[in-house]
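Visitor: Between the sequences and the hints, there should be enough to build the whole structure, so can you do that?
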Amino acid sequence: MPETLERVPMRDPLTDPEQKRIIDEILERNKNIPGATMVVLNELQSRIGYISPAMQAYVAQKLRIPLSELYGVLSFYSFFTMTPRGRHTVKFCMGTACYVAGAPQLIEKAQQILGIRLGETTPDWSITIEECRCVGACSQAPVVMIDDDIYGRVRPNKLPQLLRKYQRQ
Amino acid sequence: MKAIRAMVLVSGDPASIAQGAHEVYQRLQKEIKAFGLQDEISVSMITDVGRHDALPMVIVYPEAVIYGPVKPEDVHFLVEEHLYKGRIATRLVAPKKELSGRIAWLAARQGTLPAEQRIVLERVGLIDPDEIEEYIVHGGYEALGKALTQMTPNEVIEEITQAGLRGRGGAGFPTGLKWRFVAREKRTPKYVICNADESEPGTFKDRLILEGDPHNVIEAMVITGYAVGANEGYVYVRGEYKLAQARLRKAIAQAREMGFLGKDIFGSGFDFDITVHAGAGAYVCGEETALIESLEGKRGEPRIRPPYPTTHGLWGMPTVVNNVETLANVPAIIRHGAEWYRGFGTENSPGTKLYTILGNVNETGLIEVPMGITLREVITIYGQGMKNGAAFKMAQTGGSSGSIVPASLQDTPMDFDSYARAGVSLGSGALLICDENTCVVDLARVLMNFFRYESCGKCTPCRVGTERAHQILTRITEGRGTLADLERLEKLSQGMRQLSNCGLGQAAAVPLQSMLQHFRAEVEAHIKLHVCPAGSCPMSSRRVTTAA
Ligand SMILES: Cc1cc2nc3c(=O)[nH]c(=O)nc-3n(C[C@H](O)[C@H](O)[C@H](O)COP(=O)(O)O)c2cc1C
Ligand code: FES
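Quick note, the sequences are listed as chains A and B, same order. When the first sequence is numbered by numbering that gives the first Met the number 0, its final residue is 168 and no position is left out of the sequence of numbers. When the second sequence is numbered by numbering that gives the first Met the number 0, its final residue is 547 and no position is left out of the sequence of numbers.
Where hints are given, some of them may not hold.
[Claimed, not checked] Here are the computed lysine to aspartate or glutamate pairs in the EDC-like style, where the Cα-Cα straight-line distance is at most 20 Å: (1) B:LYS70 <-> A:ASP148; (2) A:LYS164 <-> A:ASP123; (3) B:LYS297 <-> A:ASP148; (4) A:LYS90 <-> A:GLU68; (5) A:LYS61 <-> A:GLU107; (6) A:LYS61 <-> B:GLU295; (7) B:LYS457 <-> A:GLU68; (8) B:LYS249 <-> A:GLU42; (9) B:LYS32 <-> B:GLU22; (10) B:LYS241 <-> A:ASP146; (11) B:LYS241 <-> A:ASP148.
[Claimed, not checked] Okay, the calculated beta carbon distance ranges per label pair: (12) B:ASP410 <-> A:ARG116: 45 to 51 Å; (13) A:LYS157 <-> B:SER267: 57 to 63 Å; (14) A:ASN31 <-> B:MET257: 40 to 46 Å; (15) B:LYS262 <-> A:LYS19: 35 to 41 Å.
Source of the hints: derived by calculation from the structure; they are not laboratory data. Being a predicted model, the structure only gives us computed values, none of them experimental. Beta carbons: idealized from backbone N, C-alpha and C, even for Gly.
Guide: Structure below.
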């Protein structure tokens with residue numbers, strides 16, 4: 000596995016000294032804890048923003064687990080992503096209440112406006128769109144979560160305005 | 000704790016925050032300071048006041064005056080009038096409205112709704128969750144002291160068994176019995192896990208407990224550990240619940256500092272500590288064995304049972320897994336005794352139950368009511384009746400994994416046994432109330448879509464069954480179903496129920512079966528007449544004209 004590291008692509012977090020330091024710090028703190036894989040991945044996801052293939056190889060090696068096992072865990076949980084995200088993440092709640100209140104139409108609209116599909120990021124790296132599970136704000140359905148802000152009762156005709164605001168930020 | 004004469008609460012649910020609750024909160028702090036009142040008045044943000052018509056709200060105790068909507072620029076006036084001069088700032092008082100099942104209104108409504116009882120939510124919304132002192136002042140950690148210094152582990156288990164506490168995570172398994180299974184295991188170390196992976200759509204009771212009263216759950220876990228002989232606990236919190244995680248971490252640190260966690264608690268020689276573990280977005284991790292796999296750092300795929308976690312849980316060792324709400328009952332039971340607890344609820348399901356009411360009712364929100372209340376009572380008293388005077392048609396209990404309860408069962412007491420006898424289940428405590436304009440096929444399709452998405456894919460009946468069922472249901476809603484499809488659904492649901500590896504696949508079959516059992520005529524109308532009697536399926540208008 001160490002061979003993989005020699006092919007670390009440019010602009011990978013591992014080639015950035017500051018980010019590499021963060022990665023190493025997280026690994027160091029969790030290295031001898033049994034079952035730390037998920038803890039490490041959770042921290043990497045929130046501090047670095049995604050877990051690149053090179054990072055996966057690096058983490059697997061440091062945690063002394065097979066890369067396949069790490070990949071298995073990574074791909075299982077919806078929080079973890081393997082590609083970088085935009086500056087803002089727009090999540091559409093697909094819980095029962097929001098689904099019924101028109102979340103699919105909102106997603107359709109967002110895809111049209113931004114010209115990307117769910118799970119993708121706009122070319123200018125401003126916005127990533129995805130769906131998410133019930134966020135517990137059902138009385139406000141349909142709900143859109145942008146970063147940590149929750150927008151309730153979002154109507155399709157209000158969406159362009161909302162998205163544009165974040166795209167400009 | 001400082002002697003405070005008034006307490007100010009600001010609603011901090013997402014909708015309030017979107018409307019400027021943070022600014023109101025900061026302004027309040029500033030203004031209170033400006034009037035030199037900071038030592039006599041406390042200000043806290045609370046999670047959900049359960050009312051959504053005048054946000055953000057500010058509630059002032061002890062008078063329990065509810066102000067709303069409050070804008071940042073109103074704060075100065077409010078503080079000057081009410082807190083400084085002691086007059087009610089009438090101009091800002093929220094519109095009058097009978098409040099049902101609300102968290103913050105305890106003092107305001109005491110006695111107005113006799114059916115409502117608070118055991119689990121006793122302090123939620125009334126204390127500042129970030130201050131351990133407030134918890135202690137309200138009787139916190141008393142139960143722990145009593146258990147550790149006056150009771151043997153066996154006596155603790157006996158008290159819980161006598162109280163008849165049953166698991167609130169969905170299955171209703173007797174908690175005392177579960178603890179006994181773990182206690183009698185000789186192998187150590189043992190573990191206590193609090194299941195806070197609440198992910199059923201529409202269910203947010205556990206979040207409100209953790210955000211509003213984290214110490215209650217911590218205290219319960221230490222008591223559990225003492226009873227079963229475990230020294231380590233984990234709280235597995237749903238990844239999205241960032242505030243709950245932060246509050247728990249803070250509460251754990253405070254408890255450690257005060258000696259309620261750590262070594263030699265209350266000088267009893269008993270050690271216990273708790274770790275918070277964040278989930279990462281997988282519904283199936285709420286299933287206890289999947290949760291354990293996830294805690295071990297693996298893919299959250301359920302294990303084959305038996306063996307059960309009580310003998311082979313975390314790292315293969317004996318483990319108690321309990322739901323947040325279940326645990327939140329424990330300190331009160333130890334404090335007041337089993338006899339007291341049995342005074343609430345029914346013979347076989349004592350105590351209270353939390354429900355989140357959603358759907359076509361006038362009032363939605365979280366309530367805590369005694370076990371055995373009926374759906375009719377929930378709808379008329381707490382839901383304030385059906386919206387627009389429509390007729391009640393069915394309720395979907397327990398988020399997705401519950402049953403579809405037809406109107407004919409609205410007078411059946413809601414407790415574990417009565418519901419089981421009627422062939423339905425209480426589930427996780429969400430009550431999606433649907434009126435006559437909701438189509439049962441469409442509802443089933445939406446639920447199936449959830450399961451299809453969340454199936455972990457480990458076993459075939461669940462992975463393929465949910466996908467197939469979703470296709471068939473979609474077909475029926477579009478008016479392209481056949482009678483043979485009904486048989487297919489029947490077979491599928493049987494297969495999923497009997498052959499699925501874990502509760503997810505089994506639960507997915509439940510709405511299908513309820514639909515076929517109670518609403519067959521409606522489903523057949525879609526197929527034979529190409530009509531959606533509720534008028535909500537897309538095919539209805541199109542097909543009706545061709546048929547006519
Ligand atoms: C698919 C699935 C999801 C579940 N999700 C949860 C959950 O989110 N929270 C929970 O407490 N129990 C959940 N359970 C039930 C747990 O497996 C377990 O029965 C429960 O945590 C036991 O606690 P109790 O005895 O206190 O109810 C789920 C079960 C299944 C099959
Ligand atoms: S279903 Fe969207 S917030 Fe609950």
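Visitor: Each hint: holds or not?
Guide: Evaluated hints:
no.: 1; hint: B:LYS70 <-> A:ASP148; result: 19 Å, holds
no.: 2; hint: A:LYS164 <-> A:ASP123; result: 14 Å, holds
no.: 3; hint: B:LYS297 <-> A:ASP148; result: 31 Å, violated
no.: 4; hint: A:LYS90 <-> A:GLU68; result: 28 Å, violated
no.: 5; hint: A:LYS61 <-> A:GLU107; result: 42 Å, violated
no.: 6; hint: A:LYS61 <-> B:GLU295; result: 17 Å, holds
no.: 7; hint: B:LYS457 <-> A:GLU68; result: 16 Å, holds
no.: 8; hint: B:LYS249 <-> A:GLU42; result: 18 Å, holds
no.: 9; hint: B:LYS32 <-> B:GLU22; result: 15 Å, holds
no.: 10; hint: B:LYS241 <-> A:ASP146; result: 13 Å, holds
no.: 11; hint: B:LYS241 <-> A:ASP148; result: 13 Å, holds
no.: 12; hint: B:ASP410 <-> A:ARG116: 45 to 51 Å; result: 49 Å, holds
no.: 13; hint: A:LYS157 <-> B:SER267: 57 to 63 Å; result: 59 Å, holds
no.: 14; hint: A:ASN31 <-> B:MET257: 40 to 46 Å; result: 29 Å, violated
no.: 15; hint: B:LYS262 <-> A:LYS19: 35 to 41 Å; result: 38 Å, holds
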